[in-house]
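K.L.:
Given next are the chains, with one letter for each unit.
2 protein chains.
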Amino acid sequence: MENQPTGSPPLRIVVIGGVAGGASAATRARRADACAEIVVLEKGQYVSFANCGLPYHLSGEIESRDDLLVTTAELFWKRFRIDVRTGHEVTRIDRDGCFVEGTDHSSGKSFRIPYDRLILSTGSAPVSPPFMQPPCENVRHLWTLPDMDAVISQLRDHAVKRAVIIGAGFVGLEVVEQLAHVGIRVALVERGDQVLKPLDRHLARIIERDMADRGVSLHLSADVTGLRRDGDRATAVELADGTVLETDLVVVGAGVRPRVDLAVAAGLPVGPSGGLVVDRQMRTEDPKIYAVGDMVECHHGVLDRPLRIPLAGPANRAGRIAGTHAALGESQPMGSVLGTSVVRVFDLTAACTGMSEAALDANGIAHRSVIIAAGHHAGYYPGAETMQLKVVYSPTDGKLLGAQGVGGQGVDKRIDVIATAMHFGGTIHDLAQLDLAYAPPFASAKDPVHMAAFVAENDLESHPGIVAPGIDLAGFQVVDVRNPRELVDLPLEGAISIPLDELADRWQELDPNLPTITVCHSGKRGHVAACWLRGKGWRDVRNLTGGMAIRMLERES
Amino acid sequence: MENQPTGSPPLRIVVIGGVAGGASAATRARRADACAEIVVLEKGQYVSFANCGLPYHLSGEIESRDDLLVTTAELFWKRFRIDVRTGHEVTRIDRDGCFVEGTDHSSGKSFRIPYDRLILSTGSAPVSPPFMQPPCENVRHLWTLPDMDAVISQLRDHAVKRAVIIGAGFVGLEVVEQLAHVGIRVALVERGDQVLKPLDRHLARIIERDMADRGVSLHLSADVTGLRRDGDRATAVELADGTVLETDLVVVGAGVRPRVDLAVAAGLPVGPSGGLVVDRQMRTEDPKIYAVGDMVECHHGVLDRPLRIPLAGPANRAGRIAGTHAALGESQPMGSVLGTSVVRVFDLTAACTGMSEAALDANGIAHRSVIIAAGHHAGYYPGAETMQLKVVYSPTDGKLLGAQGVGGQGVDKRIDVIATAMHFGGTIHDLAQLDLAYAPPFASAKDPVHMAAFVAENDLESHPGIVAPGIDLAGFQVVDVRNPRELVDLPLEGAISIPLDELADRWQELDPNLPTITVCHSGKRGHVAACWLRGKGWRDVRNLTGGMAIRMLERES
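In order, the protein sequences belong to chains A and B.
Every letter in the first sequence is one number past the one before it in this note's numbering, and letter 353, counting from 1, is 353.
Every letter in the second sequence is one number past the one before it in this note's numbering, and letter 17, counting from 1, is 17.
Same shape as in the complex, but just chain A:
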């Protein structure tokens, strides 16, 4: 692992695009090779900016715009001798001649730059639905710094009182939160039937209910048919069901598409999910050309096939690998990606890794799952915040397929722990035996991760099994082991009520020959009850996972 011998000309590494892994690739290449000529060609004004931070400047939570400028062309030169050229749009890659050509928008001149190694980091672009044509000054994406500046000038100059956010993905929810924080009445419009598609519906419902409680107007399964306009301003958003949402501002987050035109024109192949095909060293089919970030397909750890996963973490790690390999000809391989994500929405955190049950169903992969409710630290220590933690696993061997959490503090920790176990192909049995840090302010001796794994182990070993939150209870003997006062707020019709602490005295009131389901609020007492009945010789008794708390969410229309 040496640099080229003294005397040979320096390697010329050209990077197209600073964001989404390009800057990371360039600095890493520099660390690996102090003599290489490294050029970054960036179409926009900024070599790198904190795109994940844009929503937080809308409300002033991130006070200074400068904080979003992660680095500058000047610093790149001073510190790394990396030659950043902004306003340089590459229009063609010549693979035979090993050069790129394009236009310098600052001078209007064209340029041609040779490369020994080329790293593509052209990222992705937000999808513009038809209603965005012709453009309105108050209908915007939030994808770049200029996008953000445009939204902020709307907020500042137009006394925005109402806003419509279109698209309930991560960025959409962050914008909802930030605009609500500054007193704007927000409506959220989403084509799908839930927010946060990577989550299964019952967990997404928790976020939806909380937003609704905070006055956000939620429109799910809603198609935007058009805008009402007044000159170059939109005044309302029209939905297919006839709803008209009057508004002063529209922010559109309707998904992204990879920017692969340049690469495709150069004959580089694109995979089934629309991203460029690369190997574990981020090399395209052309061994001199690498690609990273939103524009490529990474290896998905659960699906075990390439998939486009447009997230900042994998983009950065891929940049490091591409930069190293471009400079040295070798590198560690890129790891599998699980789509691990997290978002804060008001006081709630939602996070996930791997695949949801809905996504597994869509891919024909068998799965089981458990949902538990648990405090983020010991219940006896003040301030424990409840989380719902769902773990999805293979019915054959308990291999982890995914996890989702919604709650207060500590959700991100549990999802990161499970994502780490999934990196190693771990099972629910591994989760059950993890040696995690415990002290009352941080966790419980049995962490939520352990608790979920224990329930999953019980399920797989059928002592006793569980049933899914949405199950139709008709035809079952349903034993509700909640306390009488819990039934007042949330009754369960047709169930036989025997509080858990009376079950040992009263279980003989039940019919051991009927298929039976036990139910409590969160699933914990129901499990104890199911164990008891099964232990008494009952053949067919199962527990409702997640309890009434989750069932209620699942069955909301």
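The hints are simulated quantities; they were obtained by calculation from the structure and are not laboratory data.
Check before you lean on any hint, since a few could be wrong.
One copy or any two copies: either way a pair holds, since identical chains are not told apart in the list.
To be verified - Simulated crosslink set (EDC-like; lysine to aspartate or glutamate; CA at most 16 Å straight-line):
1. K524 <-> D147
2. K78 <-> D505
3. K288 <-> D361
4. K399 <-> D213
5. K43 <-> E101
6. K78 <-> E502
7. K78 <-> D501
8. K536 <-> E37
9. K524 <-> D505
10. K524 <-> D304
11. K161 <-> E246
For this one, chain A is given, so just place chain B on it according to the hints.
P.N.:
Just chain B now, with coordinates in the frame of chain A:
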């Protein structure tokens, strides 16, 4: 996995000791076998209490004493039909006759109880140094609820203004914090030369400095030679160096010893670290007798041999395994234990997993390490708190041997993630490729775990290497790449000052033939500088890991 056939007499499972895994074993046995007779014999008054929560009731942070009573004998009967007998001290196990005998302290009568399966959970007892004899009413352990009650009655009845805590382990530091919170002047006395022995010294120093800044009087490498007494009260603690610490209260946390007398008397073997020998199903040499908790040796994941690891998490997990196996004759195996721990001390969190460098040295295991400083979330999002994260790994293959973190929020998450990777025998390369959740309020696109792994990968691949915080810099060309204003507060004599952003212009001022060490504040810029020089063909250039921030702590006497 069936219960015994109908008609056969129920299995009788006897558990000795409720805390430290015993209650967990009993409830788990009940879930596995609804018909078993399960008896818990507990010497004390409480079947189970939150021993890790005791320090937090001293200050009232945990308001109600009742919150510490995790469960009660009454609930155990009502819910689980588990027969808890408090005040029952077992004095002998008869393995041939399969019974235990002892004294019921409430009635004064002796008892004899047969068992089919016996689960030992007798825990550990705090060590009482010689000066605790004869006892003083204001010199106390903090191990049981009665201990806590005694300390609280001191606080309440004796206007305690000064306290001496003896022993700077986890509990000792929690007590320091809690007593300081209620305005008591606290002195902390420790025989070793640092607090929190599981941490390496430089990280422990961060906690020590913070405590000192808060007015805690710290006495390290200090032996207690005796107490000054006034009747049955201590008035001062005398140290070997002649220091006399006047005090109103002494809390002693001088380590624990396993309670194995009963088991040893029954002929069950004890391992080299003093705990009972058990297999992965928590069975002792006698297949009818299980043992869990502080009294046993678990398999240590790094040392790959049995070791006593008295922590609540492993005790609970072991209880679950023993209870299952006792009831069913089969269970998942107990996982390896890494000693993962966490403690909050004022606004700082300290956490660790696996082994420190000091412990590895003591065991003759080769290791390397890196230390990084990083924010717990994106720097551009407000409120990022700094952590020092140390990762220790094998010099041959990068296998993880341990990790330690000290800082504000998020330390526990990173240690749990690394502990999870260690469960699978992971390497620094695994850490570098983990797919962790990122959004600005929670993490950075390159998480502290990634950053530490990247530095470690650089180290192992020698581009460039690193040197340890305590290295003697004499004989090296030391290049200090900090900015001039950083040098004012913390100068580094004998170093050549070239701020990083001038290095690309000025590196030729340096002598490429001298062994060279680069230095900055946290190690990050030093790494960039070392890469630069090495890239210019220098053969011997390394970076000071952790930078001046850690070196300063390491070299404090």
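K.L.:
None of the hints should be skipped; say for each whether it holds.
P.N.:
Outcome of the hint check:
For the homomeric pair K524 and D147, neither the shortest alpha-carbon distance inside one copy (48 Å) nor that between copies (33 Å) is at most 16 Å. Within a single copy, K78 and D505 get their C-alpha atoms only as close as 78 Å, which misses the 16 Å cut-off; across copies the closest is 8 Å, which meets it. Taking identical chains as interchangeable, the C-alpha atoms of K288 and D361 are never at most 16 Å apart, the minima being 39 Å within one chain and 46 Å between chains. Taking the shortest alpha-carbon separations for K399 and D213, neither the intra-copy value of 37 Å nor the inter-copy value of 49 Å comes in at or below 16 Å.
Taking identical chains as interchangeable, the C-alpha atoms of K43 and E101 lie at most 16 Å apart only when both belong to the same chain, with a minimum of 12 Å there against 83 Å between chains. Taking the shortest alpha-carbon separations for K78 and E502, only the inter-copy value of 7 Å comes in at or below 16 Å, while the best intra-copy value is 74 Å. In this assembly of identical chains, the alpha carbons of K78 and D501 lie at most 16 Å apart only when taken from different copies (5 Å versus 71 Å within one copy). For a Cα distance limit of 16 Å, the shortest separation of K536 from E37 across copies, 13 Å, qualifies, whereas the shortest one inside one copy, 76 Å, does not.
Taking the closest pair of Cα atoms, K524 and D505 never come within 16 Å of each other, the shortest separation being 19 Å inside a single copy and 66 Å across copies. When the C-alpha separation of K524 and D304 is checked against a cutoff of 16 Å, the pair qualifies neither within a copy, at 34 Å, nor between copies, at 35 Å. In the homo-oligomer, the alpha carbons of K161 and E246 lie at most 16 Å apart inside one protomer (10 Å), although the nearest pairing across protomers, at 65 Å, exceeds that limit.
Hints 1, 3, 4, 9 and 10 from the earlier list are contradicted by this structure; the remaining hints agree with it.
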